[in-house]
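Asks: Read off the chains here:
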Amino acid sequence: MRTVIALGGAALLTALSIGSAAAADPPANIQKDCAVCHQMSGPANADLTARQTRKGPPLYFAGNKFRQDWLEAWLQKPTRVRPAGDFVPAHTATGPEGDVVDAATLSDHPVVDAAAAKEIAAYLMTLTPNTALLEKEDYTPGRVPARMGAMDFVKFKGCGGCHKDTPKYGGFSGPELYTAWQRLQPPFIVSYIRDPAAWEPRSLMPNKHLNTAGIHKLANYLRTIGEKPEKAK
Amino acid sequence: MKKLLILAAFLCGSIVYPLPAPAADAAHGKALYRTYCTQCHGLSGDGKGVNAKQLSVQPRNHQDRAEMSARTDADLFKAIKEGGQAVNKSILMPNWDGNMTDDEIHDVVAYLRELCCAGAK
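As you go down the protein sequences, you meet chains W and G in turn.
Note that the working numbering has the first sequence beginning at 10, numbered continuously upward.
Note that the working numbering has the second sequence beginning at 2, numbered continuously upward.
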C-alpha cells in the first residue's frame, strides 16, 4: 500500500491510500486522489466561495506551471510553500498585536515514496491546457544585481508585502518566492505576473499592469535569488 | 431639449467614478473584503493584517470612523481599483482592477461604510 496525494504546501490534506487498482490505472488514481484537495480539471473556477474554501492550488495546469524535478523531489519531502495556507483568512487569527498565522489550522502535505513521486510528477506534467498562455511570452532568463532586484521587488513594485524573497523577509499571504525559480517554469512566472487572472480568475495576486521589461526584471530577480548555487555563474 | 441632453451627456462623461449604485451589495462586499483585503487590513479591518508587520507603511484602519469619513466613496473606489498611488498613498496598496469588477468594488465600498461607521464608535 502506498500513500499518495496532491500538492500544495499549505493545503489541508488527508492521506489516502491507493490499493491494487493503482497499478492498473495510475493516472486515474492520481487524478482522483489529488482531487481531494486540488482542482484537477478545467475550466478555471471563478466562483468566490470556491476560492474561499479550496484546500490547495489548482493542478489541472501543473504541466504548464511546475518543474518536474522540483515536483518529484518536493513530493518526497514536502515543505510549506504558502506560509499562511492557500486561503489566508482561513489560517490567520487575531492576536493582541494583530493577525498572525494560525499554525494549528495548517496541515502538512503527505509524503510519498520515490517511485510514487516520480509517477505523480510525470503525470502532472502531462496537464498542459494553458500552453497557449506560455507561448505568448518571449523571455530569455537574465540576471539582475541582487540589491537592485530587491529594491525593485520590495520598494518599487511592492511584492514583498505579500511574498518572501528571503526566508526571513517578506509578507505571509503569498507563496514564498526565494524558491520560485526552482519550483516554476520561467515562462509561467512571466505569464502569471503579467495576468494572474488568466491562470486563476480568483487569484489573490493583483495585476500590476507591468510592461514586459518590468516583468522580466522581476523574473530575473527570482532567478538571481533562487537558482541553485551549482547552476549559478 | 437637445441641448439639455448634450449637457447631461457631457456632465455624465466628466464623472470619473459614479457613486455606488443603490444596489451595491455590502454582504458580497464583505466576502470580497475577506478574500482580498484582510491579508493586510486585518480580519477585523483594524489595519493589522498578517502582512502588516512587514509593511513599511501601515495599512489603513478601516474601523477608524474619522479617517474613513474623510474619504468619499469615489476616493475609496479609486484607491481600490487603481491602487494607493492613484490617490497619493502607498504603492503597497495595489490596484485590484484585475481581480474585481467595478460592481464588486462598489460592493466593497458599501461594506467599508458598514465597517467604519455602522456601529457607534
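Keep in mind that the hints were calculated from the coordinates and are not lab data.
All figures in this text were calculated on a predicted structure; none of them were measured in a lab.
Check each hint, because a few of them may be wrong.
Said to hold, decoys possible - Straight-line C-alpha distance at most 25 Å; calculated DMTMM-like pairs for lysine to aspartate or glutamate:
#1 K54(G) / E236(W)
#2 K164(W) / D104(G)
#3 K82(G) / D56(W)
What the hints assert, rightly or not - Simulated DEER-style distance windows between Cβ atoms:
#4 A75(G) / D78(W): 47 to 53 Å
#5 E68(G) / T137(W): 33 to 39 Å
#6 D103(G) / A131(W): 42 to 48 Å
#7 A71(G) / K127(W): 57 to 63 Å
From the three backbone atoms N, C-alpha and C, an ideal C-beta is built for every residue, glycine too.
Asks: Need the list of violated hint numbers for this structure, in ascending order.
Replies: Violated hints (numbers, rising): 1, 2 and 5; every other hint is consistent with the structure.
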